[in-house]
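Two chains, each in its own frame: build the complex with the hints.
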Amino acid sequence: MQNLEQLELQFQAKIDAEIKIEPKDWMPEAYRKTLIRQISQHAHSEIVGMLPEGNWITRAPSLRRKAVLLAKVQDEGGHGLYLYSAAETLGIDRDTLIHDLHSGKAKYSSIFNYPSLTWADMGAIGWLVDGAAIMNQVMLCRTSYGPYARAMVRICKEESFHQRQGYEIMLTLAQGSPEQKRMAQDALNRWWWPSLMMFGPPDSESTNSEASIKWKIKRMSNDELRQRFVDATVPQAELIGLKVPDKDLKWNEERGHYDFGALDWDEFWAVVKGNGPCNKERLEQRVKAYEDGAWVREAALAHAEKKKERAEKVGAVA
Amino acid sequence: MNPKDWPLWEVFIRSKQGLDHKHAGSLHAADAQMAIECARDVYTRRMEGVSIWVVESVHVHASSPDDAGSLFEPANDKVYRHPTFYDLPDEVKHM
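Protein sequences appear in the order of chains A and B.
Under our numbering, think of the first position of the first sequence as 43, with each following residue one higher.
Under our numbering, think of the first position of the second sequence as 21, with each following residue one higher.
Don't read these hints as lab results, they were simulated from the structure.
Nothing here was measured: the structure is a model prediction, and the numbers come from that model.
Hints may contain errors.
[To be verified] Cut-off 25 Å, straight-line C-alpha distance, at most; resulting in silico cross-link-like pairs (DSS-like, lysine-lysine): (1) 355/A to 24/B; (2) 24/B to 199/A; (3) 147/A to 199/A; (4) 62/A to 42/B; (5) 355/A to 149/A; (6) 330/A to 147/A; (7) 149/A to 258/A; (8) 66/A to 42/B; (9) 36/B to 292/A; (10) 349/A to 24/B; (11) 199/A to 315/A; (12) 98/B to 147/A; (13) 98/B to 330/A; (14) 24/B to 348/A; (15) 199/A to 108/A; (16) 256/A to 56/A; (17) 75/A to 62/A; (18) 36/B to 350/A.
[Stated by the list, open to error] Selected chain B positions facing chain A (Cβ under 8 Å, derived; list incomplete): (19) 25; (20) 48; (21) 65.
Beta carbons are placed, not taken as given, at the ideal position from N, Cα and C, and that holds for glycine.
Extracted from the complex, chain B is given alone in its bound form (with noise of 0.2 Å):
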């Protein structure tokens, strides 16, 4: 990156009261103040959001494709994490 330019910034967006904050996307800007309100520009022209937060990129820590298979695979056989998996009587309508 040349030193001249704007650093990254992820932006999230919440968007009604009582929903998470959702990543809606990124954009360059010199500081926090300034990501926010260039997000407001960018992602709530049509009232999209209530709250914004914005992240510099580079302080984002991703896990690696290369691991996914030993990071998820191991869920895959504990098929008894998931309701379905037991067998209940008829009569029982709702648990």
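Excised from the complex, chain A in its bound form (with noise of 0.2 Å):
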């Protein structure tokens, strides 16, 4: 029998050589607890993040924008399961997951503890929003535990008309009327700092990231990706004649990159704790949504296992 330490050095070895970790493979503890930690709370943000746009389904100004809108909170169900699958693969069970996101024990992203309260925030969401979950994802495709990366490949090819689709909205209100490129600019003004948030706390403070570098599930750090995030979207706001609120923002020649205003981590903290704008609601929304469909869910197991019995009866028979 090897020891602990001969099979933790030969795990490293393993991460360290790019070869996938597999759910039957041996590995730390902590490794597997920091993924279920991750991918449930991935998963969560994705279930959650489907109520904010939700909320403008049947408010959607055309049946185009209705049809695009429809589908992409579909999508961010099967994103939902595609995590919750892989998270499976680690030995929790689907119920315990619902459960924990319930009882405020497992966390989704903060950022949908925000409200929407315009349509212009449909443009917002998908542009920013998606956008930052995009520069998180595309590095999570190279994640070291197979089950994970596949779900993010499998993500990362349907998210992209999300983001594009939310930008195309925010071009169209920008060229519209005056009232229509306010709306725009609010939206902005409202999402930016919350998107910048969704990268997490900084380099500084954050307490998961090295030993998840150092297992490669995350590839690059909270930091990075934020910076990634500001340089890509700051020209497309430029291009659509909107204006990032941000009176510190600036190209830095010399880095190669623009320099950004500090971010307020207070409000971070609160919404993190639970007292951001629509904590509340969004987690009753949930927890009504699971108990209003637990009579389906009964109801397909005893329909299932009626249909078993009499298959078994006419098996007998004949």
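Written out as structure tokens, the structure is:
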């Protein structure tokens, strides 16, 4: 029997050699736990993320926009499922994952605790929130855990339309009436900073980062990803005549990156701890949907059992 | 597993006629018919498939990673099973 230290060394050697870890392979408990936490948090974010957009499906301004928004929200349901399935390969069951979300033990992305007040928010969410998510997800396509990486590849393929449709909404509004343009600018003003916070706390304060990088769960730090997002997004705002709400934003020739203002980390932690504008409402909606669906889950199972019994009876007679 | 939970199914998709079914992922469903319908919604929203197989995950038997050495290493030293092992005159263009 190999001792723990040897197993850990072999594990790290596999990671260093870029060999993916698969469900039945030996892995350190902390690796398993980190992945369950991260993948389930990611799955919950997809599911809770359906709520702010679901809010606008019935009020989309045209049939085209409505069909697109429906498709996007349906994708997010699917993405949640890919991720729950990936988490389940680590030996935790779906029921526990859902229960942890409902009890508040598991987190989801704080961005979804902000309200979607106007139609322009559908543009800003697609462009900025999905844009920020994509930065993170593209990196995760190369994560060391096989089922997570495969789920991410599938998600990234589907996600790119999400950002493009959002940007198209912003573009249309920005070229519209002065009132529509104001609406687009207002949405950018409200979603810009929370989008930057999606990358998590600064590297100097991030407790999970170091091990995650060593295990190649993550390959870039929170601050690196945030910078990459700012660099990609600022020119997109300029192109459609919108102004990023940051007086300190400035191109830094020497660094080859944009410098940007300090984030309000007090707000970040307040929202994480449950005091954002919509935390309570979002969770209540999730719990209600789950409880209201209980009879469907039970009925489907009862129906399946009845069909099976009948098939067995027919088989016995024949 | 809670007895009230739907069982887990593995989903295999044939992306077009002539190709193999390939593992796409897994999902929970009450029975096979529902698993196929859910797989349709989850894995073929962008015309990724023309045929779906579902198998209850408990029926999948897998080799153990601990046995990978004894199972697969014997193939390591049998390079003569590959066509490139054989030296042929250059004049033979295609064989």
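Those earlier numbered hints the structure runs against, lowest number first: 2, 3, 5, 9, 11, 12, 13, 18
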